[in-house]
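Modelling step: build the complete structure from the supplied sequences, incorporating the hints.
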Amino acid sequence: MIVVQNLKKKFGSLEVLKDISTTIQEKEVVCVIGPSGSGKSTFLRCLNLLEEVTSGRVVIGDVEVTSPKTNIDKLRENVGMVFQNFNLFPHLTVLKNIMLAPKHLKKMEKQFNEKQAMSLLDKVGLAGKRDEFPERLSGGQKQRIAIARALAMSPRVMLFDEPTSALDPEMVGEVLLVMKELARDGITMIVVTHEMGFAREVADRVIFMDGGYIVEEGTPSEIFESPRHERTKAFLGKLS
Amino acid sequence: MTSTVQVILDALPMLLQGVLITLKIVIISLSFAFVIGLITGLMNTSHSKFLRIISTVYVDLIRGTPLLVQVFFIYFGLPVFLDIRVPAEIAGIVALSLNAGAYISEVFRAGIISIDKGQVEAARSLGFNRFLTMRLVILPQAVRRMLPAFVNQFIISIKDTSLLSVIGIQELTQRGEIIISTNFRSFEIWGIVGIFYFIIIYALTRLSHLLERRFDIK
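These protein sequences, in sequence, are chains A and B.
Those letters in the first sequence? Residues 1 to 240, per my numbering, in order.
Those letters in the second sequence? Residues 1001 to 1218, per my numbering, in order.
Just so you know, the hints here were simulated from the structure itself, not pulled from any lab data.
No experiment lies behind these values; they were computed from the predicted model shown.
The beta carbon of each residue, even a glycine, is placed where N, CA and C say it ideally should be.
Among the hints, a few may not be true.
Said to hold, decoys possible - In silico lysine-lysine, DSS-like type, Cα no more than 30 Å apart, as pairs:
| hint | chain 1 | residue 1 | chain 2 | residue 2 |
| --- | --- | --- | --- | --- |
| 1 | A | Lys8 | B | Lys1049 |
| 2 | B | Lys1117 | A | Lys10 |
| 3 | A | Lys74 | B | Lys1049 |
| 4 | B | Lys1117 | A | Lys129 |
| 5 | A | Lys10 | B | Lys1049 |
| 6 | A | Lys74 | A | Lys123 |
| 7 | B | Lys1024 | A | Lys103 |
| 8 | B | Lys1024 | A | Lys74 |
| 9 | A | Lys123 | B | Lys1117 |
| 10 | A | Lys110 | B | Lys1117 |
| 11 | A | Lys18 | B | Lys1117 |
| 12 | A | Lys96 | B | Lys1117 |
| 13 | A | Lys103 | A | Lys115 |
| 14 | B | Lys1117 | A | Lys106 |
| 15 | B | Lys1049 | A | Lys107 |
| 16 | B | Lys1117 | A | Lys8 |
| 17 | A | Lys123 | A | Lys96 |
To be verified - Which stretches of chain B does chain A cover? Using the computed rule of at least three CB atoms under 8 Å from a CB of chain A, they are:
| hint | stretch |
| --- | --- |
| 18 | 1115 to 1121 |
| 19 | 1138 to 1146 |
Next comes the structure, spelled out in structure tokens:
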């Protein structure tokens, strides 16, 4: 489903991604962990070209993401993204936040669009907030709306960039719960996270990144119970 | 000697016509200025260096020269050079539009760059192209923030119309001068002319407060 080959990314002279190659299967849930500055967010942002790739290939489905001929806007319609800082549109109500992209990009009929938005709101447990503006919501609620907004385009892949890092501790659970349900629904997910409990429980595969490389990848039990690399051990050791 | 009240009453019809012309020039000029400002403001935030240079040169030239010189240049200078005749009112509107446009351009630019980068990323990640991102996400938020700066520029431009009296446009100030040249009652006439400007601008200020309150929902 997603193929990454020899991906490199430089910011000026700073090489953030040194040589990343991996393959992600359809319906797979992959958690990317690692210390800050390891390049995991940059890796995620390269997948939908929010960061320009310095060299290497990214292929999603049958679309060559890194080819200059690719219509990147079209690709992004199929790749949802959830950000650390939510980035809801503050000038629109919750419902309109969710309906905006289907309305303008899919020309979805209003009635159908609204019905879809309501069922997504139901799914994230916030149907009662349909007419609120984002500033009236808690962090956890904002993030659940952001997930619903991304889902409204029926993406084939969902990218999560530290979705719970900006949340108060008591709100982390509600967001992770929604993400767990998505994983159960069988959507392909790549999650950059510091929530080891979530990675252990939900991920099909865990990728450990450090210093711009994928140091180690494997099932949660392989990574968490018997890490092979010293750096993985050191990182996980610091957490416990 | 005619009483103050009588002087004012006599001048009123003519001055009110001046008010209408002032309003007409302001409304037309600011409409053009708004469009010019939007386009050049967007050009200034674009990725194309060429577009950025054009709009920067425009803004710098206008802001670097007095409005009065711009008015003279457009009314007297250009027609000689191009060998055409331009009616005073058209020249005045062109000058005022270009002048206010440059300031409004900067208002747009500042408003646009004040919006968090995350908003652009969220919109682009949903699949919106640059144009739709600007139209649906950035501008609606930016314009709210720009409202006070717009009003400020509108007020300045309203007052700037009085400069157009120098090329003979029969706006409020010019009419005041004409009346005074016949009755020599500067105190009453300049007083009432000032009051008219004040009323126009005060009404605009109240209106903008109303708008600000209405748009307060983020």
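Each hint, compared with the structure:
The suggested pairing of Lys8 of chain A with Lys1049 of chain B holds, with an alpha-carbon distance near 27 Å, which does not exceed 30 Å. Restraint check for Lys1117 of chain B and Lys10 of chain A: satisfied, since their Cα atoms lie roughly 20 Å apart, inside the 30 Å limit. Restraint check for Lys74 of chain A and Lys1049 of chain B: the C-alpha separation of about 26 Å stays at or below 30 Å, so the hint holds. Straight-line distance between C-alpha atoms of Lys1117 of chain B and Lys129 of chain A comes to about 26 Å, which keeps the hinted pair within the 30 Å bound.
Restraint check for Lys10 of chain A and Lys1049 of chain B: satisfied, since their Cα atoms lie roughly 23 Å apart, inside the 30 Å limit. Of the pairs offered as hints, the one joining Lys74 of chain A and Lys123 of chain A holds, with about 26 Å between alpha carbons and a cut-off of 30 Å not exceeded. Between Lys1024 of chain B and Lys103 of chain A the alpha-carbon distance is near 39 Å, which puts this suggested pair outside the 30 Å criterion. Taking the CA atoms of Lys1024 of chain B and Lys74 of chain A, the gap is near 46 Å; set against the 30 Å cutoff, the hint is violated.
Simply put, Lys123 of chain A and Lys1117 of chain B have alpha-carbon atoms about 29 Å apart, close enough for the 30 Å limit, and the pair holds. The straight-line distance between the Cα atoms of Lys110 of chain A and Lys1117 of chain B is roughly 29 Å, inside the 30 Å bound, and the hint therefore holds. Pair hint Lys18 of chain A plus Lys1117 of chain B holds up; C-alpha atoms about 26 Å apart against a cutoff of 30 Å. With a C-alpha separation of about 20 Å, the suggested pairing of Lys96 of chain A with Lys1117 of chain B holds against the 30 Å cut-off.
Annotation: proposed proximity of Lys103 of chain A to Lys115 of chain A holds, straight-line Cα distance about 12 Å (limit 30 Å). Our distance criterion of 30 Å between C-alpha atoms is met by Lys1117 of chain B and Lys106 of chain A, whose separation comes to about 25 Å. About 34 Å separates the Cα atoms of Lys1049 of chain B and Lys107 of chain A, which puts this hinted pair outside 30 Å; it is violated. Of the supplied pair hints, the one linking Lys1117 of chain B and Lys8 of chain A holds, its CA atoms being roughly 24 Å apart against a limit of 30 Å.
Of the pairs offered as hints, the one joining Lys123 of chain A and Lys96 of chain A holds, with about 17 Å between alpha carbons and a cut-off of 30 Å not exceeded. Here's how the stretch 1115 to 1121 of chain B fares: 4 of its residues keep a CB closer than 8 Å to some CB of chain A, so the rule of at least three is met and the hint holds. Evaluation of the coverage hint for the stretch 1138 to 1146 of chain B: fulfilled, as 3 residues show C-beta separations to chain A shorter than 8 Å, against a requirement of three.
When each numbered hint is compared with the structure, violations occur for hints 7, 8 and 15.
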